Amino acid sequence: MTTLARDTRIVFVRELKPMIRDPFSVVFGLVQPLVFLALFGPLLSGSVGSAGPVTAGGTVWQWFVPSILVMTALFGTSAVGSNLLYEFQTGAHERMLVTPLSRSSLLIGRSLKEMVPLAGQAVLIVAVMVPFGFDLYPAGALLGLALLAVFGVGLGSLSYALAIAVRKNEWMFWLVQQTLLFPLMILSGMLLPLESGPGWMQAASRANPLAYVVDAERALFAGDVASLDALWGAVAAGATAAIGLFVGIRAMLRSAD
Amino acid sequence: MIQTKGLTKDFGAVHAVRGITLAIEPGELVAVLGPNGAGKTTTMRMLTTLIAPTSGSAEVAGHDVVRSPGEVRRRIGYVGQGNGAGHQHRVADELHSQAAIYGLSRADARTRVGSLVEALDLGDLVKRKVSELSGGQRRRLDVAMGLVHAPGLLFLDEPSTGLAPQNRANLWEHILRMRAEHDMTIVLTTHYLDEADSMAERVVIVDQGEVIADDTASSLKSKLAGDRVAFSTGSPSDLAAIVSQLPGSSEVEATDGEVRARVADGPVAVAEVLRAAFEKGIAAGSAQTFRPTLDDVFLSLTGRSLREENAK
Ligand SMILES: Nc1ncnc2c1ncn2[C@@H]1O[C@H](COP(=O)(O)OP(=O)(O)O)[C@@H](O)[C@H]1O
Ligand SMILES: [Mg+2]
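These protein sequence lines are chains L and R, in that order.
For the first sequence, numbering that gives the first Met the number 0 assigns the number 0 to the initial residue and increments by one for each residue that follows.
For the second sequence, numbering that gives the first Met the number 0 assigns the number 0 to the initial residue and increments by one for each residue that follows.
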């Protein structure tokens with residue numbers, strides 16, 4: 000166990016290095032969600048009107064900022080497998096596999112690292128939005144970030160597992176990632192409320208862990224810490240992380256062939 | 000240091016390695032030579048625990064590669080065919096992370112990295128991103144990564160491919176120095192004939208997944224290839240007839256003003272031929288003998304030229 004912790008730390012630090020050396024890459028990662036926020040937010044408040052779920056909690060930002068946080072997590076962490084694919088190609092992964100590092104640490108260290116850019120981006124998005132009338136509830140916001148981090152570890156692990164699975168047909172990576180990403184996103188009620196959608200969509204969203212995470216983030220960022228939504232979100236994020244790590248570690252064990 | 004028994008590896012229908020039995024003693028420097036696709040990399044990947052053999056067994060640094068891969072990994076170093084250093088990372092970061100992986104203290108890591116960086120001429124590059132290095136610079140970094148923990152047994156898969164001759168010489172100088180300092184056993188693959196010839200004390204020639212020869216370069220050459228001789232003459236066909244009658248001569252070629260052949264012992268053959276030519280009144284001018292190359296060895300073993308195979 001202690002060697003697993005040591006190995007995980009080494010992998011985590013190694014993964015973090017390029018980011019520490021080039022912090023602007025993290026900042027650039029922010030531009031996309033902020034542009035999206037600036038363009039989509041006003042449109043959303045115009046089209047859904049002043050009544051309904053979107054503006055129930057105050058301004059449209061109260062509803063939409065948590066969406067953007069989850070979206071940032073979704074886009075960022077689901078893509079990280081491509082870094083590993085690149086290391087398969089170059090030979091860096093092979094070099095790591097010949098070292099005594101435990102195979103699990105090669106996955107866990109990478110996945111845990113995904114929390115760092117995610118937390119950085121989330122804090123910045125929230126900080127940018129507060130002057131525009133986004134109400135901040137510190138305790139809820141911190142829990143919201145923690146939940147997001149756990150979810151990010153799970154999704155990152157799944158992305159790595161996907162990369163390992165398709166390493167001999169790399170083009171499959173983006174195909175599968177994009178094919179899964181958009182239905183998951185739309186069926187989470189992240190961008191538009193599902194309350195106005197057909198019944199089958201609402202039913203499908205109940206099987207989508209992302210939907211619970213989105214609801215939980217909205218509840219937490221509204222200061223609703225002790226809500227059922229927050230609890231279900233925590234269960235969904237925890238389950239994603241557990242399944243992701245399990246699947247990812249199993250994939251990593253067979254990643255040399 | 001390495002003991003393999005009937006090691007094989009199939010990739011589906013491809014029999015990449017077909018039964019390699021090999022024993023390598025501590026301190027040896029062995030070059031595995033063979034054309035592309037011979038199974039060199041696959042063999043190395045089995046010995047370094049990356050892939051499991053289809054059949055057979057291998058003990059490396061005292062441990063079975065399948066049953067105790069962790070023990071093997073702790074005791075070896077490996078420079079693969081690709082780039083070990085991550086392309087998004089900085090040179091110094093990757094060297095230090097490699098040192099941390101093998102448990103070097105920070106102080107030891109600094110000393111070791113410092114001397115490797117200097118010896119392999121990477122000093123100006125430590126703050127660069129690996130992706131910004133040239134192919135040759137990256138290869139030197141790969142080797143530095145493999146040497147960071149001064150392993151007792153080092154595997155190098157085509158370490159000098161893509162390097163300029165000057166850098167190749169530097170690289171070897173450093174590898175040999177580390178080897179002397181740390182009693183390293185080294186197994187390398189190469190398709191540079193001259194490299195196997197000049198550096199390795201023992202050459203294992205692999206073709207189509209099998210070991211077809213295993214000896215020192217010089218005894219491979221004298222046992223398997225023999226010398227080449229060339230005579231300049233005014234009557235090539237008459238002289239060729241004399242050369243053909245030498246015991247052990249082959250590949251006799253008569254061209255305009257010259258006769259070339261392969262013989263068992265060059266200097267002896269020259270003396271014989273010149274004497275016979277003199278007796279028969281055939282004009283023979285200069286005579287030359289050439290020591291065989293490892294390519295001649297490969298040619299005589301397989302009927303194919305390694306140089307040409309590699310050019311494909
Ligand atoms: N992962 C793999 N999957 C399928 N075939 C492979 C794989 N690795 C190597 N081979 C095949 O095995 C043979 C030996 O390859 P390799 O060991 O790389 O040769 P060398 O290193 O001597 O050039 C080749 O025919 C190659 O195509
Ligand atoms: Mg090879």
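In short, the hints are calculated from the structure, not lab data.
Be careful, since some hints might not be right.
SDA-like cross-link-like pairs, simulated, lysine to any residue; straight-line CA separation at most 20 Å [unchecked claim]:
hint, chain 1, residue 1, chain 2, residue 2
1, L, 16, R, 101
2, R, 126, L, 15
3, L, 16, R, 10
4, R, 126, L, 20
5, L, 16, L, 82
6, R, 126, L, 12
7, L, 167, R, 50
8, L, 16, R, 127
9, L, 167, R, 127
10, L, 167, R, 36
11, L, 16, R, 108
12, L, 16, R, 40
13, R, 128, L, 222
14, R, 128, L, 123
15, L, 16, R, 11
16, L, 167, R, 51
17, L, 16, R, 4
18, R, 128, L, 141
19, R, 126, L, 23
20, L, 16, R, 130
21, R, 128, L, 18
22, R, 128, R, 104
23, R, 128, L, 24
24, L, 167, R, 128
25, R, 128, L, 20
26, R, 128, L, 12
27, R, 128, L, 17
28, L, 167, R, 11
Predicted model only: the values in this text are computed from it and were never measured.
query: Among the hints numbered above, which are violated by the structure, and what are their numbers in rising order?
result: Numbers 3, 9, 12, 13, 14, 15, 17, 18, 22, 24, in rising order.
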